Structure formats: structure tokens, C-alpha cells
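> This is what each chain is made of:
Protein chains: 2
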Amino acid sequence: MAQLFAGMRAHQVFGADTEVGKTIFSTGYALAGTLCSADASVRGPRTLAPRADAERVAYLKPVSTGPPHEMDAGHLQQYAPWVHSSTMLQFAEPVSPHLASVQKAGTLPHDAHDAQIVSGIGAWLLQQARASVPAAAIIETAGGVNSPAPSGSSQADLLRPLRLPVVLVGSSKLGGISTTRSALESLRMRGYDVEAVLMFPSQRYQNDAYLQSLLAEEYAIPVFALGGPNGDGWGAPPVRAVCDEEDHARMRDYYIGLVHGREDGSGTSMLDVVRHLRAAHAKRLARLSTMASKTREVCWWPFTQHGRYTDEDVMVIDSAYGDFFAVHNNTPQTSLLAPALDGSASWWTQVLGHGHARLGAAAAYAAGRYGHVLFPGATNEPALALSETLLGKRPLSFSAPGHGWASRVFFSDDGSTAMEVALKMAIQSSVRRYAEGEGEDREWQVLGLQGSYHGDTIGVMDACEPSVYSDHVAWYKGRGYWLAPPTLRVKHGKVHVIVRPNRDWAHWERDTARDEIHLATFDSMQEAYDVTRRMQHGELYENYRAMLHTTLTRLVRDEGRRFGALVLEPLVMGAGGMLFVDPLFQRCLVDVVREQAALFGGKHVSRTPSQWQGLPVIYDEIFTGLFRIGIPSAADVLGTSPDIACYAKILSGGLVPLSATLASSSIFDTFAHSDEKTRALLHGHSYTAHPVGCSVALETFAILDEMHMRGDWAKHQEDWGSTTIWSFWNKQFVQRLSAYAHVESVMALGTVLKIALVDQDAGAPSVSAQRRRARKR
Amino acid sequence: MAQLFAGMRAHQVFGADTEVGKTIFSTGYALAGTLCSADASVRGPRTLAPRADAERVAYLKPVSTGPPHEMDAGHLQQYAPWVHSSTMLQFAEPVSPHLASVQKAGTLPHDAHDAQIVSGIGAWLLQQARASVPAAAIIETAGGVNSPAPSGSSQADLLRPLRLPVVLVGSSKLGGISTTRSALESLRMRGYDVEAVLMFPSQRYQNDAYLQSLLAEEYAIPVFALGGPNGDGWGAPPVRAVCDEEDHARMRDYYIGLVHGREDGSGTSMLDVVRHLRAAHAKRLARLSTMASKTREVCWWPFTQHGRYTDEDVMVIDSAYGDFFAVHNNTPQTSLLAPALDGSASWWTQVLGHGHARLGAAAAYAAGRYGHVLFPGATNEPALALSETLLGKRPLSFSAPGHGWASRVFFSDDGSTAMEVALKMAIQSSVRRYAEGEGEDREWQVLGLQGSYHGDTIGVMDACEPSVYSDHVAWYKGRGYWLAPPTLRVKHGKVHVIVRPNRDWAHWERDTARDEIHLATFDSMQEAYDVTRRMQHGELYENYRAMLHTTLTRLVRDEGRRFGALVLEPLVMGAGGMLFVDPLFQRCLVDVVREQAALFGGKHVSRTPSQWQGLPVIYDEIFTGLFRIGIPSAADVLGTSPDIACYAKILSGGLVPLSATLASSSIFDTFAHSDEKTRALLHGHSYTAHPVGCSVALETFAILDEMHMRGDWAKHQEDWGSTTIWSFWNKQFVQRLSAYAHVESVMALGTVLKIALVDQDAGAPSVSAQRRRARKR
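As you go down the protein sequences, you meet chains Y and W in turn.
Mapped onto the working numbering, the consecutive letters of the first sequence carry residue numbers 2 to 778.
Mapped onto the working numbering, the consecutive letters of the second sequence carry residue numbers 2 to 778.
FYI, nobody ran anything at the bench for these hints, they're computed from the structure.
It cannot be assumed that every hint is accurate.
No copy labels: a pair is met if it fits in one copy or bridges any two.
No more than 27 Å apart at the CA atoms, straight line, and that leaves these computed lysine-lysine pairs for BS3-like [claimed, not checked]:
(1) Lys755 to Lys716
(2) Lys678 to Lys755
(3) Lys284 to Lys394
(4) Lys295 to Lys394
(5) Lys732 to Lys495
Since we're looking at a predicted model, the values are computed, not measured.
Kindly produce the complete structure, drawing on both the sequences and the hints.
What follows is the structure, given as C-alpha cells:
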């Protein structure tokens with residue numbers, strides 16, 4: 002992962018093209034480092050002899066092609082023998098490494114080589130940093146920024162996990178402006194910081210002058226036009242002399258010029274580059290070390306009691322890649338950037354990992370093609386294509402979330418707004434079916450489950466029972482009835498279904514010692530989640546049905562409540578504490594609500610998936626949807642589709658906010674059957690269906706589809722013995738965990754692993770996790 | 002702007018580098034077009050003679066450098082004289098056009114040259130499309146994708162307004178994989194569709210094979226490796242013969258091979274390219290012509306009564322650039338893409354124009370560096386830097402919105418969520434100051450203005466008076482009192498301040514004929530908006546104060562209302578119908594609320610900008626903020642800062658959703674003074690402070706700062722005689738407009754121009770604008 006050392010600056014040298022002088026500049030930079038005193042203020046004598054008070058310089062060529070005597074490291078050793086140079090992989094053929102490695106190995110090596118190279122470089126860096134300080138390290142890449150590594154990955158992609166600051170060697174050739182700028186764009190879009198561009202001066206094409214002004218204005222990156230005496234004047238190295246000795250002498254003179262600059266002091270020299278990069282390094286260190294305190298001064302974090310944080314508690318995220326953050330810490334000796342697992346997938350938004358090149362490219366493309374464009378009464382390709390994808394109207398190797406029941410997609414910005422939209426759709430549908438023309442006397446309520454959470458805007462808060470989230474919100478007013486849900490948990494390898502007793506469950510047999518009702522036990526998760534089989538065998542479904550019928554009748558007939566929607570987080574209630582709800586219960590609840598149309602004011606007619614009955618059923622799949630729990634939609638497990646469903650988080654690949662509310666045609670028709678503008682759904686946000694988000698979402702679906710077709714998670718499915726219910730976490734591991742004494746219970750679904758510890762003080766007010774983290778440090 | 006013709010496909014030929022064969026491939030492609038029958042199914046004889054039933058092919062080199070006899074158009078004319086070729090600009094020096102043009106003109110030409118070149122190409126395209134169909138047009142660029150145009154702009158930026166589909170000529174040289182991939186990335190991030198990559202085959206480096214597999218997988222772009230007989234085998238053109246005649250013969254043979262392929266039919270040929278591009282063109286036309294109906298089938302638009310739309314009403318936005326959409330229409334003869342002014346700036350989100358390259362680059366960089374990363378208890382550079390910028394802690398040439406009063410930034414996703422956060426902050430601050438420990442009996446209300454709008458989530462809807470927006474939302478419950486606001490309007494060149502009479506204004510003199518109270522008249526906007534001067538001179542401020550004092554006393558003492566916040570859209574209420582509120586009235590309201598602390602339950606103490614008094618004051622600047630009305634914040638005009646303020650829309654440069662709620666230290670302290678987790682602000686969205694949005698916001702500030710320093714809008718300010726109150730719209734034009742009989746009144750501030758027409762049926766239910774649009778068509 003990314004590394005950073007206080008006493009050593011490390012740079013990655015990329016080339017805008019091949020043969021632009023990477024090795025010449027690397028050598029010159031190495032020489033300048035060994036010549037430059039600590040304060041770098043005084044120019045020394047015009048020699049190449051290292052200064053005693055200069056920094057230690059190390060050079061690495063991870064992958065080299067061409068015969069050994071032409072090795073870049075060899076050139077460097079010739080002119081700067083005191084620089085610690087090495088080469089990791091050497092291929093004799095002077096072609097791209099991916100071909101050289103094929104020619105050597107007979108076949109393209111496995112992707113694992115990328116990780117090996119990266120960890121090799123990481124180890125080398127650490128070794129250099131420990132050897133002596135102050136120091137400088139340079140890593141010279143092969144070819145251009147996107148030239149293939151041995152595995153075939155682009156150099157820029159291969160080295161991205163390290164994210165070292167970059168020295169880009171620009172091209173002074175005809176066309177070099179274009180190749181240099183495009184190379185810079187390729188590096189920037191992969192999240193690299195380019196700290197300097199070095200290039201030979203070019204009298205004729207003036208690439209340096211053009212790039213100097215462009216890069217200063219748009220990126221604040223300095224361009225150094227560096228040369229030396231070449232017989233012909235001042236510029237690129239001299240042509241090779243016939244005699245080796247003569248050649249060596251010319252190159253020595255050249256390097257003296259390159260490093261020290263012109264004798265009259267005009268122009269820039271490699272010593273200036275060293276000074277600039279030293280300053281950049283110092284600035285970066287200074288910024289990183291103050292970010293925690295500055296953030297504590299100016300930012301207002303969500304869900305955070307700021308008084309509990311000191312500077313040391315703040316996670317300063319310098320960058321992120323894959324499943325890890327690169328976090329600043331102050332450990333001397335080792336890297337100042339430590340990898341930290343993004344354990345909550347950044348609030349469950351990540352699915353393909355941080356810094357995914359294809360998602361960034363998709364965002365950039367849409368930004369270039371559209372920016373954002375107005376949506377009402379209009380359309381754009383990413384928004385339309387994403388709608389078609391969500392509804393199952395485009396080919397996918399898995400079932401689309403809206404397949405078979407949804408006919409419309411409404412876009413908004415986050416889970417909370419998606420649910421506000423869903424509630425407006427649902428309740429207004431009930432109002433228009435059951436109470437059109439009535440005076441607005443009774444309150445419309447939702448039917449839901451205890452422990453549910455749908456977001457933090459006040460409308461959706463009102464759809465949840467009172468909790469710590471709502472205690473300090475004056476405008477909160479719970480409008481609904483929330484049933485106690487039976488939940489699943491694994492203990493000692495068995496799956497148990499239990500529920501906390503309350504009035505609704507009064508007639509059920511209760512374990513008074515544990516204050517819970519034990520409903521069922523299964524040998525495997527697969528059995529517990531096989532809703533169809535459980536409906537056919539066993540009495541629990543009928544018992545659930547009877548209980549729900551009694552309860553709903555009481556609520557409506559006796560208590561006079563009027564319901565407008567059934568709102569569920571299917572299978573898992575995330576924010577409520579990762580509650581795994583018994584799917585049979587949720588299925589039964591949906592069935593009963595639809596059967597009891599008469600109770601809510603309607604007539605029972607036979608239902609089609611596009612026609613809501615009883616109450617509109619909302620699935621809040623913001624947390625559970627799109628493979629978070631291993632399946633595209635929980636509807637697949639429940640065996641019944643909703644009338645409205647919400648998606649966010651993973652939807653936009655973990656990059657930018659975007660959410661979608663899907664609705665069936667009968668919901669849409671409630672709003673669209675009229676010609677009156679005010680009967681439409683008068684809801685919308687400025688960035689509705691923004692092309693960048695939709696584009697990233699489409700690319701996410703494309704990549705998930707490729708993974709699914711490749712069978713990337715088939716071995717996990719095999720492990721769990723099921724294609725619907727499975728987990729990334731090893732089954733034996735999960736079962737072993739469940740047997741520990743201090744483990745209250747365990748559950749694993751898809752990417753989610755819940756380990757409930759024995760803890761008296763759980764929930765949002767609990768700080769036990771924070772305490773544990775503090776102790777660990 | 003972007004062009005597209007049913008009967009003619011037009012392509013832009015870009016090169017991955019110079020000297021990669023753009024002219025050879027352009028010539029070959031032109032020849033193939035004139036050889037390829039309409040159905041393209043049968044290969045003809047191996048000649049270059051055009052077929053009678055083939056398409057007409059036209060070729061344009063917009064900018065050519067080098068001596069006339071080496072002109073690319075000249076080469077094409079030699080081998081394909083029946084192709085209609087031309088060159089727009091010719092520079093004799095074979096260097097980059099920006100240098101050639103300097104050498105010719107002595108100085109770098111003005112930016113306007115870009116627009117001239119683009120409109121010249123547009124005119125040429127239209128001419129070709131009218132000449133005959135079926136046809137093909139090719140435009141060959143100079144140098145690589147980012148090589149400078151005569152003005153110095155990159156070729157890819159210069160031609161972006163046209164956004165023609167691209168044929169990219171890849172490089173088969175060593176390093177060509179890198180330059181080709183980077184060139185493709187540069188094109189993609191500017192929103193270009195690359196439909197094919199053409200390149201010479203390369204046995205040694207196998208660039209074609211690598212790129213074929215990479216581009217197929219990641220972009221679904223085909224790579225055609227095309228060659229011909231070159232004496233040495235099959236590949237790049239033969240070396241130039243000494244004798245012209247011999248050379249010509251060799252090249253003729255070469256083109257026959259390039260166009261028809263190998264005699265044995267193996268490999269690909271330029272005829273395959275023609276077939277592929279024809280198919281891509283047909284696919285694009287088919288998709289564009291069905292997007293309207295498909296969108297009407299699957300999308301649920303915000304604020305739209307779908308029944309009012311036919312396919313023809315749907316704006317199919319193919320792309321956007323600057324202030325214009327490129328919209329699909331079915332007009333034969335002319336382009337199928339017509340420019341349409343984005344008159345509402347895509348719901349007021351745009352400020353720098355669509356497809357702005359620097360904003361896209363900033364988004365791509367952050368996507369590459371982070372993706373999205375968790376924010377609570379953490380930090381990342383873009384989020385911190387943006388917070389510092391919003392609070393005025395980083396250098397800016399204009400006053401930052403939070404400068405001088407705000408101490409904290411809370412991020413969320415859109416204006417509505419920003420206002421939910423603001424309301425929670427404000428009301429909870431009042432609860433804790435005025436009612437801590439009390440039983441929750443009375444309802445907390447907001448004080449606001451009639452016509453205000455703060456978003457569509459139910460919490461912020463409750464902060465607005467009942468309206469068409471809330472009529473059909475069962476859970477809406479207005480909780481507040483909304484004063485009738487005096488508003489400004491320009492009629493016959495004068496600025497009038499009027500208010501609709503109601504109980505609060507009962508003692509004011511009323512124009513019964515117009516049912517309004519006339520409060521003041523000014524000769525200029527500058528006078529009307531000079532709050533300080535108006536406070537010192539004239540009685541209106543004191544009269545406002547007396548009225549407000551009476552009204553507030555009645556509301557609190559007599560009606561027993563309890564207020565928790567004053568909520569204002571300063572200066573302009575956007576969604577309420579672009580109401581320009583008298584700034585003196587808003588100032589007076591803020592002053593009175595702060596003076597009357599005792600009325601709301603507190604003590605009056607002398608107030609500092611960071612200490613709220615009376616009620617927390619919220620400025621909803623989502624619409625008005627960040628230069629929409631010409632100034633960074635309306636606080637500058639009102640002369641008093643809020644305690645909480647919200648920003649969105651322009652904040653993220655019109656690219657992705659992002660919003661910020663700024664708060665003063667006394668608001669923050671209300672939540673942070675405790676150690677209890679549950680007393681924190683328990684609100685947050687998954688993508689809080691997402692780096693992509695924050696990065697784009699920072700780049701937006703940087704560009705606005707550059708524009709401000711350059712004095713980009715100084716001439717407008719001069720026109721209006723003021724640096725605070727001014728408009729992009731010409732003053733004389735606005736005053737002339739105000740004199741028209743069917744114009745009820747006019748107002749112009751910053752980028753906003755409001756023309757109120759004489760119309761009985763205005764507001765959200767009105768469809769008069771839509772009717773007018775329909776009539777126009």
C-alpha cells in the first residue's frame with residue numbers, strides 16, 4: 002500500500018512516452034541528490050562527486066527489458082556509482098515487458114505478479130528508509146505511463162497501490178505536447194500527484210514553454226526544461242561517441258551541466274528540481290500532520306460527539322485503494338501511511354473497491370459529455386440505460402432488481418430521499434384509493450418493524466419507531482405501528498429464530514429466563530432462508546399469519562388506525578443493529594397485508610405483480626440491495642416482489658451520491674392517470690438522474706455482470722451450498738466464531754459479517770467499539 | 002455545436018501521436034467509402050475506382066502545417082481525386098499549429114479563433130450533408146489529441162463542441178500502447194465516443210493485439226490492424242521511392258491492399274471499417290429516435306404530469322457543452338442535433354458551462370485517489386480544503402460565504418437535505434436554550450416568508466406554508482408562520498417595492514385597485530439594494546420594525562406560538578416564482594428577531610456574529626449563493642450574517658450532488674458541549690463529504706477566483722454601476738423589456754433574468770410556458 006517516510010522522499014518516474022530520457026533524468030536527479038546539502042541553499046563546485054552532508058539516494062528499476070549491458074540501472078551505476086541501484090526483474094528482449102515476459106515464460110503471467118511487484122517495491126522502499134536519512138528514492142518505470150507491466154496491466158494501474166508522488170518525464174519531440182498532456186491526464190485520473198515535469202528544452206517545438214504555462218495554470222505543476230552541453234549547444238544528451246572513453250567523458254560533462262545548470266546561472270538545473278521536490282515533500286508532511294486538528298476545527302461530522310475525539314483519534318485518509326484506506330500515522334521508522342481496512346465499506350457504499358479505474362473513467366466520460374443536464378421532460382443516455390437496466394430491460398446474467406414487477410424509475414440523491422419519494426408514492430396511492438374526497442381527519446400511518454431505519458430526513462424518520470436517532474429531533478413524530486420482528490442468529494453452529502415478547506406475541510410460549518420466544522432452529526442458513534419450503538412444511542407460517550391477522554385487526558378495527566404503506570428492510574435491518582429478520586415472517590407479513598385489502602378499505606382482488614393490493618409494500622433495499630448480502634434483491638429470497646423499492650449506496654459503485662426509487666405501474670398510474678399537473682409527484686432534486694452518477698452505476702452493473710459470468714463468487718456459493726444464500730466469509734470460520742463464549746451470536750450473508758459480542762450497553766449510544774479501538778492503539 | 006446527419010456519417014480522425022498514419026488511414030477510409038456499395042455486403046474488384054452506387058466522401062483538414070506540397074489534403078487528392086477535400090487553415094512551418102500561427106501572425110491569436118474554426122467546420126459539414134446522400138465526412142486533426150490548435154487550445158478541447166464520433170489512429174511504435182491508451186483516455190474524459198481504433202499491424206511489438214483485447218473488454222471499441230503491401234511484407238506504407246512515378250505506383254498498390262485487404266481474404270480491411278462505422282451510425286440514429294418513447298415508458302420524471310408529454314415533447318439530450326444542450330430533433334436536411342439553450346442552467350446547477358474539462362478532470366482525480374471514503378471521525382484533503390474555503394480560511398479574491406461568522410461545515414447531498422440539517426441544528430438549539438427539561442407540549446415552529454421553498458423532503462416542506470407542492474402530500478404539516486414579503490419589481494425602468502396586504506399590513510395604505518401596498522420607488526437597483534443607506538435615510542425601516550414587532554408579539558403572546566428558527570431565502574425566492582424580496586425588509590426581520598430575544602424566551606445580550614440571539618437565523622442560499630445572483634453570499638447585501646446557511650447547486654460546479662450546511666460556533670456548541678453521544682447531531686448520509694464532489698467544488702472555487710481576479714464580469718458591474726448589485730444582462734435591455742405592455746415586470750440580478758408576463762394562471766399548476774413552447778414548435 003501507499004508509503005510515505007518523514008526522512009526520505011520517494012518518487013515514481015513515469016515517461017510521457019518511451020525514449021524521452023527517463024534514465025537520463027533519473028541519473029541526473031540521483032546525482033543532484035548526492036550533491037545537494039541539507040539546506041540546499043548554496044551551489045557547490047561543478048563536479049559530480051557526492052557531498053558528505055548530502056542525502057543518500059537509492060534507485061530502483063522494478064522491471065527492465067533489453068540486454069543486461071543496456072540496463073538503465075547499469076547506466077546509472079556508471080555515472081553515479083555511489084547511488085544504491087537495483088533492478089527487480091530483467092528481461093533480455095527490448096520490447097514491452099508483457100511480451101518480454103511471455104517470450105521468457107511462454108505464457109502471460111498471472112495477475113498475482115502485479116501484487117508481487119508492488120509488495121517488492123514496498124519492501125525495497127522500507128529498506129531504503131531504514132538505511133539512512135535524509136534520503137531520496139526513485140523508481141523508474143518502463144516505457145510510457147500506460148505501457149504494460151509483465152502481467153499486462155498498465156504501469157500506472159500496477160503501481161497505483163503505492164501512489165508515490167510522480168516525476169513525469171515529458172516529451173520534447175514533435176507531438177510531445179500531446180503525449181505529455183495525455184500522460185499527465187492518465188496519471189491524474191488514477192489519483193496520482195504529479196509533482197514535477199522534467200523535459201529537455203526544445204528550441205524548435207517549444208514544448209517546454211507551452212507545457213510550462215499550461216500546467217502552471219491548470220494544475221500548479223512546474224515544468225523544468227533541463228539540459229546539458231551536447232556538442233551542439235544545450236539540450237538533450239550528446240550523440241554517442243564511437244570510442245567508449247570519449248563517450249563516457251562527454252556524458253560526464255553532460256551530467257555536470259544537467260545537475261549544476263549553465264555556468265552563468267541562467268535557466269534551471271537538477272538541483273532546482275531537488276529543492277522543489279524537497280519543498281513539496283515537506284509541505285505534504287506538514288499538511289498531513291495538521292489535517293486532524295484542522296478538521297476538528299472546521300468540520301462537523303455526522304453522528305459524532307466531537308468532544309470524544311482528540312487529534313490522534315481522527316483517521317486522516319491520504320488515499321484509498323481496493324479495500325484499504327492509506328491512513329496517516331506518526332509511527333517513526335515505518336511508513337507514515339498505514340493501510341486500514343475499510344471495514345464498513347465506507348458506510349456500505351463500496352463494492353468494487355476504492356480507486357477503481359473503470360468507475361473513475363466512466364465518471365470522467367459522463368462529465369465530459371454532459372456535465373449535469375436537466376431531467377424532467379428530458380432524457381440522457383446514462384439515465385435511460387440505467388433505468389432500463391434496473392427494470393431488467395437490458396441483458397444481465399443476474400436478475401435485475403425491478404425485473405418482473407417494476408415499471409418506473411425515479412431518481413434522487415441518497416437513500417433518505419429515495420425513501421421520502423417512496424413514502425410519498427405509497428401513502429398518496431392509499432389516499433387516492435381509500436380516501437379520495439374525504440376530509441383529512443385521521444393520520445396516515447405506516448406499518449413496519451421495530452429496529453427499522455430509513456434515513457435521516459424527517460419524513461423517513463417519521464416512518465420509524467422512536468429511538469435515539471429521534472430523541473433530539475423536535476419535529477420527529479413517529480406515525481406508524483412497528484411489529485417486533487423474529488430474527489435469526491447463529492450460536493454453536495445452529496440457526497435460531499427468536500423474538501422478543503410483547504403484546505402481539507402474548508399467546509406464544511416464552512423463555513422467561515432469556516425474555517424471548519424461541520420460534521425455530523435450523524441446521525443451516527440454507528434451510529432457514531428456504532422460504533418456499535418453510536411455507537409448505539411446518540406450522541410457523543400459519544402461526545405467523547394468525548398472529549398478524551389478529552394484530553392488524555386490532556390496530557385497524559379497535560384502535561382506528563389508518564395505514565398507508567407497509568415498509569420493510571428485507572432480510573437485514575442495517576442501522577438498527579444488523580438485525581437478520583426471519584424471511585418467513587416478512588413474507589407472511591406481505592402476504593397478510595395483501596390478503597387483508599378489506600381491512601384497509603379496499604376489495605380483495607387477485608393480484609398481479611404490477612397491481613398493489615391492501616397496502617403498497619415498500620422494500621428499502623438501500624443497504625441490502627445489489628449484492629451486499631449476496632443477491633441482487635431480497636425479493637428473490639422472500640419470493641414476493643414489492644410495489645416500491647429503493648436502491649442507493651452500491652448503486653453508484655461507491656463513488657458519488659445517487660439513488661433510485663422503483664415503482665410498479667399501479668403506483669405510477671395513481672399519479673399519471675390525471676391530466677392535472679398538481680396530481681403529479683411534485684418532488685425532485687437539482688441533480689436528478691445526473692449523468693455522472695448514472696454512468697458510474699451502469700459501469701458498476703457491467704463489472705458485476707462480468708464478475709457474475711466469470712463465476713467470481715461461485716466458490717463461496719459452493720462453500721455455503723447455495724446460490725441464493727451464501728457469504729464471502731468462510732462457513733467453518735463463521736461457525737467456529739459462533740461457539741466463542743464472549744460471542745453472543747454470529748450471522749453472515751454476502752459481504753456482511755455480524756459478530757454480536759456480549760455487551761450490556763449496545764446501540765447508538767454505545768462507545769464500546771470506540772473504547773476497544775482506543776485500547777488497541 | 003454538435004452535428005449529426007441521417008444520411009451522412011461524419012468522423013473526427015485523431016492521432017495517438019504525430020506520424021502514426023492519420024493521413025494514410027484517412028485516405029484509405031475515403032477510398033473505401035467511394036468503393037463500398039450501399040449494402041456493403043459484396044467485395045468489389047480490387048481497384049480504387051469509385052463505384053457509382055457508393056457514398057459521396059468529403060475530407061477536411063481544418064488546420065494544416067508544413068509546405069503546401071506536403072499537405073495532407075494534397076496526398077489524399079493524389080490517390081483519391083474524386084473525394085471532396087479541402088483545408089481551412091494552412092501554415093507553412095511543419096511545427097505545431099500554435100507556433101506556426103505565431104510565426105505567421107507574430108502573436109498568439111485570440112481565443113475567438115477556436116469558435117471560428119468550430120463554426121467553419123460546422124458550416125462545411127452542413128454543406129457536405131446537403132450535397133448528396135449517402136455520404137461520409139472525415140475531419141483530420143493535426144498532431145496528437147492534445148496537440149495545440151492555432152489558439153493554443155488542445156485539439157480535443159477545440160473540437161469538443163462538435164463532439165463528432167472519433168476514429169483514433171493508434172500508434173504501432175514501441176511505446177505505442179501507452180500513447181494510444183492515454184490518447185483514448187484523454188478523448189473519453191472529454192466526452193468523445195471513440196468508435197474505432199485504426200493502426201498498422203506490428204509483428205514485433207504486438208500493440209494491436211494488446212489494444213484489441215484491452216479496448217474490447219473495457220470500452221467495447223474495436224481495434225482494426227490494417228496494412229497493405231510495402232515491399233517488405235504487409236504493414237505500414239512502403240518507403241518512399243526515389244522516382245515519383247514509382248512511388249505513386251507503390252502507394253496505389255498499397256492503398257488497394259489497405260482498402261480491400263489481403264487477397265486471401267484473411268485479416269481486416271478498410272471496407273470492414275466502413276461497414277463497422279456505418280453500423281455504429283445506424284445504431285446511434287436508431288437509439289436516438291427511440292429514446293423519447295423509451296424514456297416515457299420507464300422513467301418517472303420529477304414534477305411532471307406524464308400525460309402531457311408526447312414523444313415529440315421530450316428533450317433528448319445527446320450531449321451538452323457550454324450553455325447549450327445538443328438536442329435530438331427529426332428535422333431532415335439540417336443536423337439531427339440542434340443546440341438548445343439551457344435556460345434554467347439545469348435547475349440552477351450550472352455556472353461554468355456543461356462539459357467543462359477542468360471540472361471533469363478534478364472529478365476523475367478524486368475518483369482515482371479515493372473513490373468515496375468514510376467521513377465521520379475521519380478526514381480527506383478535498384473535504385477539509387473545501388471546508389476551509391467555505392469558511393474563508395484559504396485565500397480567495399472574494400469573500401467566502403462563511404467568512405466572519407461560520408465556524409463549521411456539515412456536508413450532505415442536496416439542498417433539501419442541507420436544509421433538513423439546518424432545521425435540526427436551529428430548532429434543537431432553541432429547544433436546548435429555551436426548553437431544556439420541559440415537557441414537549443407546544444409545537445416548535447419556524448418564522449418565514451410566504452412563497453418560500455426549501456426542498457421536497459417532508460421536514461423542509463413543513464417549514465413552508467401550504468402550497469400546490471404540499472396539497473397532495475398526506476404527511477405535510479406546515480409548522481410556522483409566514484409573513485407576506487415586500488418584493489421588488491422593475492416596471493417602466495423604475496424599481497418598485499410592493500406588498501400584498503394582509504392582517505399584518507392592516508395599518509398600511511393600500512392601493513385598492515391593484516390590491517397591493519406600495520412601499521417605495523427607486524430610480525435604480527443600486528439604490529434599492531443599498532441597505533445601509535436605506536436604514537439611515539427614510540422611515541421605511543422603522544415602519545417595518547414596528548409592524549414586525551407588533552406581529553411577532555401577537556404571534557407569541559396572543560397566539561401562544563413557539564418559534565425555533567427564522568428561515569429565509571435571502572433576496573430571491575426561486576421556486577416560489579422568482580420573488581425578489583425587499584432586502585431592507587429581510588434585514589429588518591433579522592434585526593427584530595435578534596432584538597426580541599426576550600419574546601422567544603431568552604435574554605437580550607449584545608450579539609457577536611458567532612453567537613445566535615432570539616432565534617437561530619437560517620439563510621437558504623441554495624439558489625442564491627455562489628454568484629447565481631452576482632455575489633458570493635446575500636449576507637453581503639443584507640449587511641448581517643446568519644447563524645446557519647445552506648449551499649448546493651453551483652457548489653459542486655454543476656456536476657454531481659453535494660451540499661453544505663454552515664453553522665456558527667454557538668450552534669455547533671449546542672451539540673458539542675456534551676459528552677453524550679445521543680446529544681450529537683445524529684444525521685448523516687452515506688456519501689457525506691464525498692471526495693469527488695468536494696474536489697469538483699474546490700476546482701469550481703478556483704476557476705471562479707481566477708475569473709474574479711481577471712475581472713471577467715467587471716464590465717457587467719460597470720454597466721450596472723455597482724460591484725455588489727449587477728447583472729449579466731445589459732441594463733438598457735432590461736429597462737426596455739420592463740416597458741412592454743405584456744410584460745408585467747422585470748428583474749435582473751447576476752445570471753438571473755425574470756420576465757413576469759401578464760398571466761392570470763401563474764404558478765406551479767400553470768402550463769402556459771409549456772403551451773407557449775408547443776405553439777412555437
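> Hint by hint, work out which the structure violates, then give me just those numbers in ascending order.
none
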